[in-house]
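These are the residues of each chain, in order.
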Amino acid sequence: MFRLYALPVLPVPSVVSGSLPALSLSNGSKDALAFLIIESRVRLPAEQGKNGWSE
Amino acid sequence: MSIAKDENIVLAGDIGGTKTNLGLFSRGKRRPVAKVIETYPSREAPHLEFIIEQFLNKHRVSIKSACFGIAGPVISGRSQTTNLPWDVSEARIQKRFKWSQVGLINDLTATAYAVPLLNSRELLSLNKAKARKEQNLALVAPGTGLGEALLIFGEGQYIPVASEGGHADFSPNNEAEVELWRYLSQRFGHVSTERVLSGPGLVNIYSWLRDSKRFSEPAWLVRSMEEIDPARAIAEAALTEKHPLCVASLNAFVSILGAVAGNLALTAMTTGGVYLGGGIPPKILPKLEEPIFMKAFTNKGRFKEFLERIPVRVILNDKAALLGAAHCAFGRLAQRV
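Sequence lines, in order, name chains L and V. Letter 42 of the first sequence, counting from 1, is numbered 42 in my numbering, and no numbers are missing. Letter 273 of the second sequence, counting from 1, is numbered 273 in my numbering, and no numbers are missing.
FYI, nobody ran anything at the bench for these hints, they're computed from the structure. Using N, Cα and C, we set each Cβ at its ideal position, and we do this for glycine too. Incorrect hints may have been included.
[Stated by the list, open to error] Chain L is faced by these chain V residues, among others (derived, beta-carbon under 10 Å): (1) Thr18; (2) Pro41; (3) Ser198; (4) Gly199; (5) Ile228; (6) Gly279.
Same shape as in the complex, but just chain L (with noise of 0.2 Å):
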C-alpha cells in the first residue's frame, strides 16, 4: 500500500491512495498525475491503527 499526493497544480491537495492496479483519485485530473510525489514510507491508518484504538 501507499500513498500519492498531487500538490502544485490544483486548487485543493489532492491524495490518491489505493493498491496498484486499483487507483482513485480523490480531487484532481489526468495533468495532476504528473505532479505526484509517492512517499511510500507513510503507513496507511490501517496499519498504524486507525483512531488509535491500539495505543
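With chain L fixed as given, assemble chain V onto it according to the hints.
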C-alpha cells in the same frame, strides 16, 4: 491548576505515534502527582518542541526537570521515532528550553519506572500468585507496536532495562502457528513478534485465518473494518462472539501473548511479576481472564510450576508511562537516576 511558589514541578511526556501526552507533576508523598495533563495529536506537529511550546504557552510555570518517554529506540539521548518523522534530541530540547535536566527514554522504560508505583486499583490480576518484593519484573505491552521492558532489582533499587524485543523473531508454538509464520513470512520476509502482537498484528492473524479458508468473512464485518480501526472491529466482534473468525483471531492473539510473556519471564527470571501494558490488554480483559492466556504463559514444560508462581497483572492506568516519566524526571533532579 494551583502550584505553590517553592514547589518543584517537572514536565513529563509520553510520545506515541498517534498522540502525545504532556503533564506537569509535583513530587507527592509516594509518587508524582499530576497537576495537569494535555493530549496532542502527534501527526499534526512538525516536531516535539512544537508541542512543548503549545503546552507551555498554556501553562506558564517554572520547570526544573523534564523527561519524555518515546515510542522508539533511544541511543545516546536521541531517538528517531518509529511511527513519526521526528528526530528527537535530549540536548536540543535542553538547549531550546534551558531546563537543568532533560531525559529522553523509551516509552516502555517510562512505563517500567511506574510499575512499582502502581496501586492495586490500577492493576488486574490474571492469576493468584502473590507478588514478591525486590524481584525482577517484566513488562509486555501490545499496542500500536509491541513494547517490552525489564525492571532488574539489584543493590537495593530497580534498574529499568530498555528492550526492542518486539522486533525479535516470532516463535511459533504449534502447527497452526507455523502456518501463520509461513503466511507472514511470504508477506514481510522477517516475521517479528510485533507482526502478530499489536493492533496491526491482530489484523494479520485475522487475514491469515480468513485466507486459509477456515472461516468465511461476512460483509458486515468488512464494512465495520472499513469504518473503524480494523483491529478494534475484530476485537469487539470477538468479545461479543459475533463471528467465529474474530473469536479465533483474538484467541490466537491471546495465546501467543501468553507464550511471549512466559518467555520473557524465563529469560529474565522475573519472579516479581509480569505486567501487561500497552493499549490492547485493557480493552480485551474478558478474553485475558479466560484460561487461554495463562495456559500459554505456563506451557513451558519442566518450568510450568515455576511460571505458575509468577504473578501476572494487567496495567489499567493509561497514564502509567507519563507517571514513570515524571518519576524519572524527579530522579534526575535529585541525580539519583
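Structure-based check of each hint:
1. Taking 10 Å as the C-beta contact cut-off toward chain L, the hint placing Thr18/V at the interface holds, the least distance being around 4 Å.
2. Because the beta carbon of Pro41/V sits about 9 Å from the nearest beta carbon in chain L, less than 10 Å, this interface hint is met.
3. Against a cut-off of 10 Å between C-beta atoms, the interface hint on Ser198/V holds, since the closest Cβ of chain L lies about 7 Å away.
4. For Gly199/V, the shortest C-beta to C-beta distance to chain L is roughly 3 Å, which falls under 10 Å, so the interface hint holds.
5. For the restraint placing Ile228/V at the interface with chain L, the shortest Cβ-Cβ distance is roughly 6 Å, inside the 10 Å limit, so the hint holds.
6. Hint on Gly279/V holds. Least Cβ distance to chain L is approximately 5 Å, under the 10 Å limit.
Comparing the model with each numbered hint stated earlier shows that all of them hold.
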